[in-house]
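Peer 1: Turn these sequences into a full structure, and let the hints steer you where they fit.
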Amino acid sequence: MRKTLFIYTLLCSVLVAYLLNTNTRFFEFQYYLSQPTFFWFFAFTLLLLWLYMWGISWLKKVTVNWFMVYARRPPWVQHILFYILACLTVGLFHLFLLSFLYTLIGSDLRSSGYLKRGFPTFVLVLLLYVGLLAWKPSYSIFYYMYRHALRKKAKQLIQWKEKQLNLLADMHTEPSTVMEVKAESTILEPVAWINTVQTLDILVFVSKRKGSVLYMTNGEVILTLFSAKVIMDWKSKHWFLKIANGRYVNMYHLRRSKSSKYRLQASSAICKGFYEKSTLDEKGLQKLLHVSEWFEQELAHHEIIRDSLPRDCWNEWFEYA
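First residue of the sequence shown: 55, per the working numbering; consecutive thereafter.
If you are wondering where the hints come from, they were derived from the structure by calculation, not from laboratory data.
One or more of the hints may lead you astray.
[Stated by the list, open to error] Each computed DSSO-like pair below joins lysine-lysine, with the alpha-carbon atoms no more than 30 angstroms apart:
#, residue 1, residue 2
1, Lys326, Lys291
2, Lys341, Lys331
3, Lys341, Lys291
4, Lys326, Lys315
5, Lys264, Lys337
6, Lys264, Lys296
7, Lys115, Lys315
8, Lys283, Lys190
9, Lys115, Lys289
10, Lys312, Lys291
11, Lys115, Lys57
12, Lys283, Lys315
13, Lys283, Lys341
14, Lys337, Lys312
15, Lys337, Lys326
16, Lys312, Lys115
17, Lys289, Lys341
18, Lys289, Lys326
19, Lys289, Lys264
20, Lys291, Lys115
21, Lys190, Lys262
22, Lys331, Lys283
23, Lys296, Lys312
24, Lys331, Lys315
25, Lys264, Lys312
26, Lys296, Lys283
27, Lys291, Lys337
28, Lys190, Lys264
[To be verified] Pair ranges (Cβ atoms, derived):
#, residue 1, residue 2, range
29, Phe95, Ser192, 27 to 35 angstroms
30, Leu182, Ile159, 29 to 37 angstroms
31, Trp108, Glu82, 27 to 35 angstroms
32, Glu350, Ala97, 33 to 41 angstroms
33, Lys331, Glu370, 20 to 28 angstroms
34, Lys262, Ile159, 17 to 25 angstroms
35, Lys262, Trp189, 54 to 62 angstroms
36, Pro174, Lys291, 29 to 37 angstroms
37, Pro174, Tyr316, 18 to 26 angstroms
38, Lys341, Ser192, 29 to 37 angstroms
39, Trp189, Lys57, 20 to 28 angstroms
40, Leu69, Glu370, 31 to 39 angstroms
For every residue, glycine included, the Cβ atom is placed at its ideal position computed from N, Cα and C.
Peer 2: Put into structure tokens, the structure is as follows:
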């Protein structure tokens, strides 16, 4: 699949590079073959096209997978934002680069006629390619490069779990010896808890398009393929309040802030434990605990019924993977 995609990508990029350098004289092969400078322009254009393809693929990965605010938007909004951002970034960079190159040879981009002949063709190709990636990200040759990086991380995680499982097997065969080793080991959690967390320890549950992110009270971040619908199966479901689209918080640890009715705050003990391991600072946590205006009444209702909510529901475990 990757070899076929690479061949198609190479052929298409060669065709587009030739088209951008010939425009209306596309079929005059003999004329361009006789021009020595044509091959330099062609090679430079081909290099630029691959650079742009890599940049667009990287931009999609960053905006969709890493930028939390962007990922919380509906899918159609994500595609529109990516489309606009990719086209503007690549289009403006292309114009600035060509303008700089024309300046070096003592010419001007406007007087060269490129804006009337070559640039519309470039914009058309750019729009088609960005649209293709918005529809099918796997059509990018660089998509598999990112997948390889993810597989490498997954392999490291599997090796770590195998190490834990081997430790558990040893505990059954030689309990006394292994327990002494485990006391000196840096592995603190039992193997049975590798894929399990207590619902009490979940501070924020952020549901995304392909899975969810759990922010724990100790600052750890856990990824899961489950959506927020799984909360409805918990005994403690009434304690998890929806404060924004796809964002649920454990109100057992939180109260409304006195400074703003749209802000929640945790106790000093929870905050201290959270910041010890978390990569988020105070502003990052406040952003997670910000209550959307649309859900403020839900918070008000929770405050009314809070004292009547069950408190014997926290002995529950959630198997997130």
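Peer 1: Taking the earlier hints as the rules, which of them does this structure contradict?
Peer 2: 7, 9, 16, 20, 25, 32, 34, 35, 36, 37 and 40
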